[in-house]
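Protein chains: 2
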Amino acid sequence: MALTGPRDFIRPLVQRLQPYIPGEQPKISGLVKLNTNENPYPPSPKVLAAIKQAADGRLRLYPNPTAQPLREKLAKFHDCKPENIIVGNGSDELLAMAVRAFVEPAIVTKSRMRTRTAGKSVVQFFHPSYSLYPVLAAMHGARANAVPLEPDFGLAPVRALKRGKQWDFRAALSFITTPNAPSGHGYSTADLQQLCELQTGVVVLDEAYVDFAEENGLSLSLKYPHVLVARTFSKAYSLCFQRVGYVVGPRELIAALDKIRDSYNVNGLGQIAAMATLDELPYYRKNFQKIVATRRRLSPMLAELGFEVFPSQANFILVRPPQYAAWAWLQKLREHKILVRWFDDTTLWDFLRISIGTPNEVDALVKAARAILR
Amino acid sequence: MALTGPRDFIRPLVQRLQPYIPGEQPKISGLVKLNTNENPYPPSPKVLAAIKQAADGRLRLYPNPTAQPLREKLAKFHDCKPENIIVGNGSDELLAMAVRAFVEPAIVTKSRMRTRTAGKSVVQFFHPSYSLYPVLAAMHGARANAVPLEPDFGLAPVRALKRGKQWDFRAALSFITTPNAPSGHGYSTADLQQLCELQTGVVVLDEAYVDFAEENGLSLSLKYPHVLVARTFSKAYSLCFQRVGYVVGPRELIAALDKIRDSYNVNGLGQIAAMATLDELPYYRKNFQKIVATRRRLSPMLAELGFEVFPSQANFILVRPPQYAAWAWLQKLREHKILVRWFDDTTLWDFLRISIGTPNEVDALVKAARAILR
Numbered sequence: 005m006a007l008t009g010p011r012d013f014i015r016p017l018v019q020r021l022q023p024y025i026p027g028e029q030p031k032i033s034g035l036v037k038l039n040t041n042e043n044p045y046p047p048s049p050k051v052l053a054a055i056k057q058a059a060d061g062r063l064r065l066y067p068n069p070t071a072q073p074l075r076e077k078l079a080k081f082h083d084c085k086p087e088n089i090i091v092g093n094g095s096d097e098l099l100a101m102a103v104r105a106f107v108e109p110a111i112v113t114k115s116r117m118r119t120r121t122a123g124k125s126v127v128q129f130f131h132p133s134y135s136l137y138p139v140l141a142a143m144h145g146a147r148a149n150a151v152p153l154e155p156d157f158g159l160a161p162v163r164a165l166k167r168g169k170q171w172d173f174r175a176a177l178s179f180i181t182t183p184n185a186p187s188g189h190g191y192s193t194a195d196l197q198q199l200c201e202l203q204t205g206v207v208v209l210d211e212a213y214v215d216f217a218e219e220n221g222l223s224l225s226l227k228y229p230h231v232l233v234a235r236t237f238s239k240a241y242s243l244c245f246q247r248v249g250y251v252v253g254p255r256e257l258i259a260a261l262d263k264i265r266d267s268y269n270v271n272g273l274g275q276i277a278a279m280a281t282l283d284e285l286p287y288y289r290k291n292f293q294k295i296v297a298t299r300r301r302l303s304p305m306l307a308e309l310g311f312e313v314f315p316s317q318a319n320f321i322l323v324r325p326p327q328y329a330a331w332a333w334l335q336k337l338r339e340h341k342i343l344v345r346w347f348d349d350t351t352l353w354d355f356l357r358i359s360i361g362t363p364n365e366v367d368a369l370v371k372a373a374r375a376i377l378r
Numbered sequence: 005m006a007l008t009g010p011r012d013f014i015r016p017l018v019q020r021l022q023p024y025i026p027g028e029q030p031k032i033s034g035l036v037k038l039n040t041n042e043n044p045y046p047p048s049p050k051v052l053a054a055i056k057q058a059a060d061g062r063l064r065l066y067p068n069p070t071a072q073p074l075r076e077k078l079a080k081f082h083d084c085k086p087e088n089i090i091v092g093n094g095s096d097e098l099l100a101m102a103v104r105a106f107v108e109p110a111i112v113t114k115s116r117m118r119t120r121t122a123g124k125s126v127v128q129f130f131h132p133s134y135s136l137y138p139v140l141a142a143m144h145g146a147r148a149n150a151v152p153l154e155p156d157f158g159l160a161p162v163r164a165l166k167r168g169k170q171w172d173f174r175a176a177l178s179f180i181t182t183p184n185a186p187s188g189h190g191y192s193t194a195d196l197q198q199l200c201e202l203q204t205g206v207v208v209l210d211e212a213y214v215d216f217a218e219e220n221g222l223s224l225s226l227k228y229p230h231v232l233v234a235r236t237f238s239k240a241y242s243l244c245f246q247r248v249g250y251v252v253g254p255r256e257l258i259a260a261l262d263k264i265r266d267s268y269n270v271n272g273l274g275q276i277a278a279m280a281t282l283d284e285l286p287y288y289r290k291n292f293q294k295i296v297a298t299r300r301r302l303s304p305m306l307a308e309l310g311f312e313v314f315p316s317q318a319n320f321i322l323v324r325p326p327q328y329a330a331w332a333w334l335q336k337l338r339e340h341k342i343l344v345r346w347f348d349d350t351t352l353w354d355f356l357r358i359s360i361g362t363p364n365e366v367d368a369l370v371k372a373a374r375a376i377l378r
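So the protein sequences, as listed, match chains A and U. 5 is the number of the first residue of the first sequence in our numbering; add one for each residue after it. 5 is the number of the first residue of the second sequence in our numbering; add one for each residue after it.
The hints are simulated quantities; they were obtained by calculation from the structure and are not laboratory data. It cannot be assumed that every hint is accurate.
Same chains, same label: a pair holds when it works inside one copy or across any pair of copies.
[What the hints assert, rightly or not] Derived pair list, reagent style DSSO-like, types lysine-lysine, alpha-carbon separation capped at 30 angstroms:
(1) Lys56 with Lys294
(2) Lys31 with Lys263
(3) Lys124 with Lys290
(4) Lys124 with Lys56
(5) Lys227 with Lys169
(6) Lys166 with Lys31
(7) Lys50 with Lys166
(8) Lys80 with Lys31
(9) Lys341 with Lys124
(10) Lys85 with Lys31
(11) Lys124 with Lys80
(12) Lys77 with Lys31
(13) Lys56 with Lys336
(14) Lys294 with Lys124
(15) Lys31 with Lys124
(16) Lys80 with Lys371
(17) Lys77 with Lys336
(18) Lys50 with Lys80
(19) Lys166 with Lys56
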């Protein structure tokens with residue numbers, strides 16, 4: 005054969021792809037890391053003990069392929085059946101699987117992208133929200149429909165969405181980050197329900213941060229045939245390292261996701277850690293309260309320094325910093341060994357997202373901000 | 005909206021899908037488990053110690069998103085660059101990603117499945133081999149081209165493949181399990197090279213069992229622009245539980261896979277375990293030798309009982325059992341608390357695949373076989 009260039013082996017769709025860029029994970033000691041919404045508190049000592057106890061010769065064996073014992077425990081926790089739950093290698097894996105299970109790739113011709121049936125190829129989400137969604141749509145060859153949130157990051161009333169034409173009530177898949185990231189804006193279950201009732205495709209309520217919020221939409225996933233709720237052990241349960249997320253919803257949709265799941269998608273020590281976590285809920289609930297209290301203390305301190313602080317129901321806050329550009333603040337704070345998140349996105353250009361750390365960490369942030377403004 | 009049935013939310017392609025069925029993972033004590041090719045020996049004590057030492061408050065943090073320290077160590081091990089390596093949540097994840105990166109879904113019309121460009125939608129593999137490949141093709145809407153191996157599970161000479169018309173030298177992606185599973189048949193690097201040189205698409209040499217074989221094709225992945233080698237820590241390195249696999253190959257293809265990778269696809273303790281494993285190679289090499297020695301001892305013992313035993317270069321053997329049907333042997337052995345693998349596949353109907361256990365485990369198997377034949 006005449007060997008061709010390496011690009012010829014790669015799908016044009018993949019060649020064109022702009023990958024999702026996760027926040028930095030630097031290993032610099034002494035850095036105050038407030039950039040990727042990790043929990044500042046460690047997992048429960050009992051969770052760590054459970055992992056240590058399981059780290060023996062059994063690691064040679066495959067883990068439970070369907071994470072069945074964990075699904076059973078989660079089913080009890082959420083008062084549903086194991087068939088209503090699928091566990092993933094972090095919730096990211098499950099979000100990607102939802103696109104593959106529920107959305108038809110668009111047919112791309114030289115002149116245009118065309119789809120035979122309205123909405124069948126549409127992955128829809130509000131903007132700004134989790135910047136992974138458009139990447140997942142692009143990977144799959146689906147059409148991304150990004151619909152602006154209100155200026156305060158709230159949901160537009162359904163009537164306005166209907167009038168506005170941009171929101172697609174027939175989208176095959178709609179992702180709703182609730183509470184919103186990166187703003188932290190919380191949404192009421194009543195508003196989410198109203199929106200869900202108008203969608204003819206699947207809705208995923210991405211509740212990665214819901215443990216810090218006032219309401220959650222879990223009941224909707226057990227009520228409607230087209231609503232799924234995505235949760236994760238990463239943030240609220242201090243388990244980013246071990247990659248365990250899950251989706252709750254109607255058994256038919258869960259079964260469809262299960263069909264396209266890698267056989268052993270959840271590592272064994274992650275399964276063990278997640279199960280031990282569910283036995284330690286009071287420990288974690290205390291941490292949620294501490295984080296919410298720290299958020300409530302930090303917000304007015306930053307406001308006093310001239311930051312515009314958006315109300316948050318998550319373990320982070322979105323702020324518009326004073327005096328310097330947001331990207332300049334990113335650099336200045338880094339010089340003070342404080343890492344926050346800035347998004348290279350025109351709508352978010354003026355903002356910083358700050359994860360809620362320990363009281364000492366947020367005090368260090370405020371001190372640095374004061375020094376920068378002096 | 006008028007809510008429709010749950011099937012309307014699921015892609016027809018997914019509805020039609022027959023999922024891959026992994027081997028049983030029963031938790032029955034005293035069972036001799038020779039059904040899923042796990043290593044009978046535990047990970048090195050130093051690997052277990054490394055995991056235990058890392059199981060602390062750091063679990064709240066995200067793991068290294070690209071598994072960079074592990075890639076660097078693997079690059080040294082294989083004498084290549086980190087850019088030649090991608091790490092996955094088991095090699096299964098990477099095999100699925102290869103389909104998504106290199107194969108165009110076929111355009112399905114009501115009358116037929118059509119592809120604009122020859123081979124672009126073809127996922128090709130020999131049969132029998134890893135039964136996941138056709139599932140991955142089906143999930144992606146690609147055409148699966150299963151080409152029979154020789155009756156002894158060897159590769160047909162390239163000349164015969166050319167004459168036979170069934171093998172597609174223009175397939176977008178060809179998976180070659182080497183050594184073959186479920187037969188254990190080893191392939192020479194020279195034969196693999198000859199085949200690779202004729203392919204115009206990507207070739208993945210799936211070397212899940214290569215540490216038990218006489219040759220490996222790693223050099224091909226560093227020589228050609230279209231050849232990838234998939235490896236795993238699961239089998240040879242006793243780490244099934246923690247899901248770590250990797251692919252070696254040309255940087256352009258690795259970069260394409262990396263673009264469609266979940267951001268944090270490899271759990272942190274898995275990364276740590278894999279790194280510690282690479283510091284303990286002499287321990288594992290001793291285990292490979294023990295397993296090969298046990299395989300060499302078991303094969304003639306079963307042959308003496310009337311089993312047809314195929315030569316194996318893996319940590320399992322394929323046998324055609326005497327007197328009873330293979331599925332009946334499966335049941336009878338299970339009554340003796342011995343679990344082996346039988347495949348519900350017409351070409352494999354008469355065979356059992358037996359993983360090589362400890363000397364005691366294979367003695368128990370032989371004893372049970374004798375009792376069944378008495």
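Verification of the hints:
no.	hint	in the structure
1	Lys56 with Lys294	both (27 angstroms within a copy, 28 angstroms between copies)
2	Lys31 with Lys263	between (38 angstroms within a copy, 23 angstroms between copies)
3	Lys124 with Lys290	neither (43 angstroms within a copy, 55 angstroms between copies)
4	Lys124 with Lys56	neither (47 angstroms within a copy, 47 angstroms between copies)
5	Lys227 with Lys169	within (27 angstroms within a copy, 54 angstroms between copies)
6	Lys166 with Lys31	neither (47 angstroms within a copy, 54 angstroms between copies)
7	Lys50 with Lys166	neither (50 angstroms within a copy, 61 angstroms between copies)
8	Lys80 with Lys31	between (38 angstroms within a copy, 22 angstroms between copies)
9	Lys341 with Lys124	neither (47 angstroms within a copy, 50 angstroms between copies)
10	Lys85 with Lys31	between (41 angstroms within a copy, 22 angstroms between copies)
11	Lys124 with Lys80	neither (34 angstroms within a copy, 47 angstroms between copies)
12	Lys77 with Lys31	between (35 angstroms within a copy, 18 angstroms between copies)
13	Lys56 with Lys336	neither (40 angstroms within a copy, 38 angstroms between copies)
14	Lys294 with Lys124	neither (44 angstroms within a copy, 55 angstroms between copies)
15	Lys31 with Lys124	neither (43 angstroms within a copy, 42 angstroms between copies)
16	Lys80 with Lys371	neither (45 angstroms within a copy, 44 angstroms between copies)
17	Lys77 with Lys336	neither (46 angstroms within a copy, 34 angstroms between copies)
18	Lys50 with Lys80	within (20 angstroms within a copy, 37 angstroms between copies)
19	Lys166 with Lys56	neither (54 angstroms within a copy, 55 angstroms between copies)
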